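Here the protein sequences line up with chains Y and W, keeping their order. Under this note's numbering, the first sequence has 138 at position 138, and the numbering climbs by one with no breaks. Under this note's numbering, the second sequence has 167 at position 167, and the numbering climbs by one with no breaks.
Hints are computed from structural coordinates only; laboratory data are not their basis. A hint or two may mislead.
Cross-link-like lysine to aspartate or glutamate pairs, in silico, DMTMM-like; alpha carbons within 25 Å at most [to be verified]: (1) K294/W x E345/Y; (2) K226/W x D100/W; (3) K186/W x D178/Y; (4) K264/Y x E345/Y; (5) K34/Y x E127/Y; (6) K226/W x E204/W; (7) K186/W x E116/Y; (8) K46/Y x E204/W; (9) K261/Y x D184/Y; (10) K186/W x E115/Y; (11) K46/Y x E116/Y; (12) K42/W x D136/W; (13) K226/W x E255/W; (14) K294/W x E106/Y; (15) K46/Y x D117/Y; (16) K92/Y x E116/Y; (17) K46/Y x E199/W; (18) K46/Y x D195/W; (19) K141/W x D271/W; (20) K294/W x E78/Y; (21) K245/W x D184/Y; (22) K261/Y x D117/Y; (23) K294/W x E116/Y; (24) K34/Y x E367/Y; (25) K221/Y x E199/W; (26) K46/Y x E327/Y; (27) K294/W x D117/Y; (28) K46/Y x D187/W.
Computed from a predicted model, the values in this text were never measured in an experiment.
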Amino acid sequence: MAEVNNWQLGRTMQYPYPENRPRRQIAWVFDTNKCIACQTCTIACKSTWTWGSGQEYMLWNNVETKPFGFFPVGWDVELMNVLGPAKWTGGKLESQTIFEGLPAGERVKGWLPAEEDWASPNIGEDEPVGVAQQGSYIPSMPHNEMWFSYLARICNHCTYPGCVAACPRQAIYKRPEDGIVLVDQSRCRGYQECAQGCPYKKVMFNNNTRTSEKCIACFPKIEQGLQPQCVTSCIGRIRIAGFISPPGQVNPQNPIDYLVKVKKVALPLYPQAGTEPNVYYIPPMHAGRDYLHQMFGPGSDEAIKTYQNTKNDPELLGLMMLFGSTERIMHRFRVEGETAIGMDENGAELVRVPVREPSWVRTYFDEVRGAYNHNIT
Amino acid sequence: MTTDNSMDRRTFIQAAGALAAGGALAIGVATYVAMRPGAADKLVAHRHSGALPIDNPNADAWLDLDHFPVTMLMQQITTPHPSELAVPELWVRAMHNGTDIAFHLEWGDTDVNDMDKMVAFRDSVAVQLPVAEETDATAPKTSVTMGLAPVAAQGTTPATPGQTVHILHWKASWQYDVDKGRRTVKDLFPNMYNDVTPEGLLGEANSLVFYPGVFAGNSMSARERKSPIEELIASGFGSLTTHEKQQANGKGVNEKGRWRVVLSVPMDSGDATKAKVRAGTSIPVAFAAWNGTKQNRGARKQYANWVPMEVEA
């Protein structure tokens, strides 16, 4: 076991391999507040990569309702069972990760979901916590008494992947050029140790080829400077993909750095697992806060406060408007007055969008047509 | 559910029936096991004239040989390892005809696992031979741990580099592939639904890219299977690699709760990366076994230390 630095935990931790960060790391930010669980991302991924026989049950991308939706069933409940409640002191994790305090003979604290756990990808859809009583109403945020929220999930292309740690024959690797985690299809022998070791359950066994497969981050697109299918297909424009700077470095012009490191509005999912996941979430502001603390760590209250103030923060607002505005990977952005501008690696302009969409309020009664108007967004 | 302690008529009949059936089964298994000669005190590859009976693990030519009992150990040298010993003993028989050598391995397993699918693991067994010629079969220089180099102090190079081992790996799922044809997803999951497949839309040739294991030439994914045995080489944990020249063959059957598996390979393949077996010598042989019910796979296995085997002249 090596001692490695995990910035999301505020401490070092045990990992089977020494720290070896890629030359650059692909990362995503998902705004859960804007997700409507339409599953367009799920279908975009499915129809691109996993429509072969043997992949029927696979959803490298899925959207689940929290807290009662999961794919596979109960994955994060199991993770909580394995880890116990996360204990944080300030920004430092006091409890153990999936790589620490291992049972005899194991490389990772893991588990294999049962076959049937993969058979209900949309279980728990739209099921809220709590029960609406006669006359109930929700006066303010958060909705601690009654809420549900959507969680879109892909492979986290972790810095310290559970799958990489679990594979006894190094058949899974992290690409040095962009940090994408891939299963070597010529070396995999189908042991399913990776499926057992991934805390997010994002490695899946192909029942036809008898090897394990996972989200490949649409690497053929990334190699061409394009964002993955799940990002570019998102009709709610909740996603952005780019490259995150290594720990200790911040480029405030980089959209991912700005959201994760400058504004700290986007947080890793279950960071206590210790894999340093590279998908960052803007937490759902209406959801139960205790739940969010467990799911996104100690920064969730601050992140929501920052997010709720977006309307008064032109730079953050401008960047939020750039989500989903271009297929190309945006390396830099800037806001000039009422315009947000996204740029490529060389500083060339990719796209410009208005910071505030123009809006019109229509009169209640249209006298010309003799009809009543609805004002909808 | 009975409410008093007396056994009613129906329960008595059921119990008597179960006892009778169990007794008959026990007698059957005992007879099946006891019909054969006893245990040998050393492992010998007996000279056999003519073709080796590699297609029939139940052939008299095999069962007339004394079996050599090999005690299996739970693999605990590297991670991951199993949490219990699932195959405590292998019975080994061997014969050769000067051209090919065959091993006959037998062990108890009442629950056949012959599928490769999600959250399911196959039964399998393996024979390991050192590639380098060993002068003393009782003290081989090649490590039994898949040729792993001896552990060196941190920052130093091991005195002896890792050596290569030649492995014959029989898999129950591959046996099924050979005997009955490869299971489709529809065979594994009758209710699984796929509205359009890449081959249906693009044709076989253009759809291979959607079957990455097949496209990459992975032996696990091979669509045509001629032998249930895979030949591999390794030089340390995690280095197991399919040999590019596949020559092994054999057959495994499970009857009355026991696997009997024959694994055969040429004694001299003419390939320097494979083991060479000479008649009239003694060579070290090692074994491994996996029980699918116990989720054995990879390093979660039982293994045996090197056993010297006399190869009859």
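Verification of the hints:
This hinted pair does not check out: K294/W and E345/Y have alpha carbons roughly 52 Å apart, beyond 25 Å. For the hint linking K226/W to D100/W, the alpha-carbon distance of about 18 Å falls within 25 Å, and the restraint holds. Annotation: proposed proximity of K186/W to D178/Y is violated, straight-line Cα distance about 38 Å (limit 25 Å). Using a Cα cut-off of 25 Å, the hinted pair K264/Y and E345/Y holds, with the two alpha carbons roughly 23 Å apart.
At roughly 18 Å between alpha-carbon atoms, K34/Y and E127/Y fall within 25 Å of each other, so this suggested pair holds. Our distance criterion of 25 Å between C-alpha atoms is met by K226/W and E204/W, whose separation comes to about 21 Å. For the hint linking K186/W to E116/Y, the alpha-carbon distance of about 16 Å falls within 25 Å, and the restraint holds. Using a Cα cut-off of 25 Å, the hinted pair K46/Y and E204/W holds, with the two alpha carbons roughly 20 Å apart.
Between K261/Y and D184/Y, the direct Cα distance comes to roughly 32 Å. Violation of the 25 Å bound is thereby established for this hinted pair. For the hint linking K186/W to E115/Y, the alpha-carbon distance of about 15 Å falls within 25 Å, and the restraint holds. A hinted pair counts as satisfied when its Cα atoms are at most 25 Å apart, and K46/Y with E116/Y qualifies at roughly 20 Å. Proposed proximity of K42/W and D136/W is supported: the alpha carbons are some 16 Å apart, at most 25 Å.
In summary, the hint linking K226/W to E255/W is supported, as the alpha carbons are separated by about 23 Å, within the 25 Å threshold. A hinted pair counts as satisfied when its Cα atoms are at most 25 Å apart, and K294/W with E106/Y qualifies at roughly 15 Å. Of the pairs offered as hints, the one joining K46/Y and D117/Y holds, with about 19 Å between alpha carbons and a cut-off of 25 Å not exceeded. Only pairs whose Cα atoms come within 25 Å are accepted, and K92/Y paired with E116/Y is rejected, the gap being roughly 37 Å.
For the hint pairing K46/Y with E199/W, the CA-to-CA distance comes to about 16 Å; that is within 25 Å, so the pair holds. Proximity of K46/Y to D195/W is assessed by CA-CA distance (about 12 Å); at most 25 Å being required, the pair is judged to hold. The hinted pair formed by K141/W and D271/W meets the criterion: a straight-line CA distance of about 21 Å does not exceed 25 Å. Taking the CA atoms of K294/W and E78/Y, the gap is near 21 Å; set against the 25 Å cutoff, the hint holds.
With a C-alpha separation of about 21 Å, the suggested pair K245/W and D184/Y falls inside the 25 Å cut-off, and the hint holds. This hinted pair does not check out: K261/Y and D117/Y have alpha carbons roughly 36 Å apart, beyond 25 Å. With a C-alpha separation of about 19 Å, the suggested pairing of K294/W with E116/Y holds against the 25 Å cut-off. At roughly 36 Å between alpha-carbon atoms, K34/Y and E367/Y are farther apart than 25 Å, so this suggested pair is violated.
Proposed proximity of K221/Y and E199/W is supported: the alpha carbons are some 24 Å apart, at most 25 Å. In summary, the hint linking K46/Y to E327/Y is supported, as the alpha carbons are separated by about 19 Å, within the 25 Å threshold. The suggested pairing of K294/W with D117/Y holds, with an alpha-carbon distance near 20 Å, which does not exceed 25 Å. As the CA atoms of K46/Y and D187/W are separated by approximately 23 Å, the hinted pair is consistent with the 25 Å bound.
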